[in-house]
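Asker: From first to last, the protein sequence lines stand for chains A and B.
Mapping to the UniProt record's numbering: the first sequence position 111 is 111, numbers consecutive.
Mapping to the UniProt record's numbering: the second sequence position 28 is 28, numbers consecutive.
If you are wondering where the hints come from, they were derived from the structure by calculation, not from laboratory data.
Be aware that a few hints might be false.
Quick list of in silico lysine-lysine cross-link-like pairs, BS3-like style, CA-CA up to 27 Å [unchecked claim]:
#1 A/Lys298 / B/Lys32
#2 A/Lys120 / B/Lys24
#3 B/Lys43 / A/Lys301
#4 B/Lys43 / A/Lys120
#5 B/Lys32 / A/Lys33
#6 A/Lys120 / B/Lys61
#7 B/Lys121 / A/Lys298
#8 B/Lys61 / A/Lys266
#9 B/Lys24 / A/Lys33
#10 A/Lys298 / B/Lys43
#11 A/Lys113 / B/Lys25
All figures in this text were calculated on a predicted structure; none of them were measured in a lab.
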Amino acid sequence: MPNTDDFRVKRIQKMLLEMAKGNFFYTIEPSDKNDNIASLVVMLNMVNEEIGAAFIHQGFANAHNTPQCIIQLSLILNSQGKVELVTNGTCSLLACMPKDLIGKQITEFMTEKSQKTWSKKMIKHLKRDRSETVLFLELITNDGLILAQDCQISVYQALDGSGQKILLNSVFFSKGEPFETGLPKNKLKVTKGIKEHKVTLSQEDIEMIREVHDMILNNLDKDLPSLKDLALQMGTNEYKLKYGFKQIYGTTIFRFLTQERLRKSKTLIQHSNLSLKEIAYMNGFKSAAHFSRAFRDKYGKTPTELRG
Amino acid sequence: MRRSHENKYAIYLITEELMHIIYKKDLSIDLKVAQVVVRDRMKLQNGREMPVLCDIRSVRKVNKQARDYLALEGSQWITALAFLIDPPVTDVISSIYVSTQAQSMPTQSFTDKSEALAFLKQHGQL
Chain A
1 MPNTDDFRVK RIQKMLLEMA KGNFFYTIEP SDKNDNIASL VVMLNMVNEE
51 IGAAFIHQGF ANAHNTPQCI IQLSLILNSQ GKVELVTNGT CSLLACMPKD
101 LIGKQITEFM TEKSQKTWSK KMIKHLKRDR SETVLFLELI TNDGLILAQD
151 CQISVYQALD GSGQKILLNS VFFSKGEPFE TGLPKNKLKV TKGIKEHKVT
201 LSQEDIEMIR EVHDMILNNL DKDLPSLKDL ALQMGTNEYK LKYGFKQIYG
251 TTIFRFLTQE RLRKSKTLIQ HSNLSLKEIA YMNGFKSAAH FSRAFRDKYG
301 KTPTELRG
Chain B
1 MRRSHENKYA IYLITEELMH IIYKKDLSID LKVAQVVVRD RMKLQNGREM
51 PVLCDIRSVR KVNKQARDYL ALEGSQWITA LAFLIDPPVT DVISSIYVST
101 QAQSMPTQSF TDKSEALAFL KQHGQL
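Next up, chain A with everything else stripped away, as it sits in the complex (with noise of 0.2 Å):
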């Protein structure tokens, strides 16, 4: 049944109904055949994780720089598994009711590499008292539609005596790269005001501020030029250039470049022989200590402690 053309039809169309209410959280499963509806499956997948990412970067992360998490998955199962509280979140994302979940074993909504992973791993969790992990799991809808995620997981003991419970957490509408883990820099400016520079884009703005996205991504070994020249360059003016690329990207130019320098410099410091120096010169840094710096604030660790 579900490798009729029909079936897969039809769960085409469910994807499509979710991606017309806003939601970018779910996929289907690829089959591996190599035909036209294969293929579209394939492109609704990743059309969707395209629009799922444009939109929470402009609609949500951006208003206030910061990803908000909206839906919330959640639920409490016993120590064998079974569903005992899930939210009102939980059943929406999974198209069904609370009572088709309550009492049911949760890998009963897996999929089968997702229940491999589990009872490999809840094993050595439940031999804990406290145990706390991320797993990603892919959860099946009621609809055949994938929800593919990482789980927070947290063993505990009940506090009446009721034993072990394990809490499932996930949260959607979450950014990707890590955040920057330095302390938060000038962020009490009292005196300054909190003016929001909002510009209005027309499709060419947008589109010209994506050719100076893409054009930094492939440049970013070499110096910028400063806001005014490159405002010049591309035909538009420096107020348009700074406040529309932090409006689309959520970030200014010149630290998401130096974001995308590190992200590079990344492969090369784990994969390649080269001088933590060499890897800093080659990606636009100009000292080795700034490098080191701003390495930390984003990963956490100075390049050296990654190199190990």
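Given chain A's structure and the hints, the job is docking chain B onto it.
Answerer: Frame of chain A; chain B shown alone:
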């Protein structure tokens, strides 16, 4: 100098002029897989830049985290990139990758290996 390597996800071969990467059957690429694939490629290349022929015909999925990683962190030491595809599925995968990620080197998809090699020869010279 090592000329070939194999891990759980891919086979790597280095010839005179290029690196050939063949992804294994029914592979679903997530961030963890992408990191291993890139790590092993860089280990094998050992700092030498070269064109890469990437046979993705058996790949069935590449998630966004992996795509982002491959496009930036995973693009080092590659002078030109040719995907070997088998439409329609891998055609779609490579098209979305190419159209949504900023490419720092010439990148194109081919169904025909000899055309891919010709492209790499033309664009991947150091």
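Asker: It remains to establish, for every hint, whether it holds in the given structure.
Answerer: Against the structure, the hints:
1. A/Lys298 / B/Lys32: Satisfied, since the Cα-Cα distance of roughly 20 Å is no more than 27 Å.
2. A/Lys120 / B/Lys24: The hint holds at about 25 Å.
3. B/Lys43 / A/Lys301: holds, 22 Å
4. B/Lys43 / A/Lys120: Violated, because 31 Å separates the two Cα atoms, which is more than 27 Å.
5. B/Lys32 / A/Lys33: It holds: about 24 Å lies between the C-alpha atoms, which stays within 27 Å.
6. A/Lys120 / B/Lys61: holds, 25 Å
7. B/Lys121 / A/Lys298: violated, 38 Å
8. B/Lys61 / A/Lys266: Judged against 27 Å, a Cα distance of about 25 Å means the pair holds.
9. B/Lys24 / A/Lys33: holds, 15 Å
10. A/Lys298 / B/Lys43: Judged against 27 Å, a Cα distance of about 25 Å means the pair holds.
11. A/Lys113 / B/Lys25: holds, 17 Å
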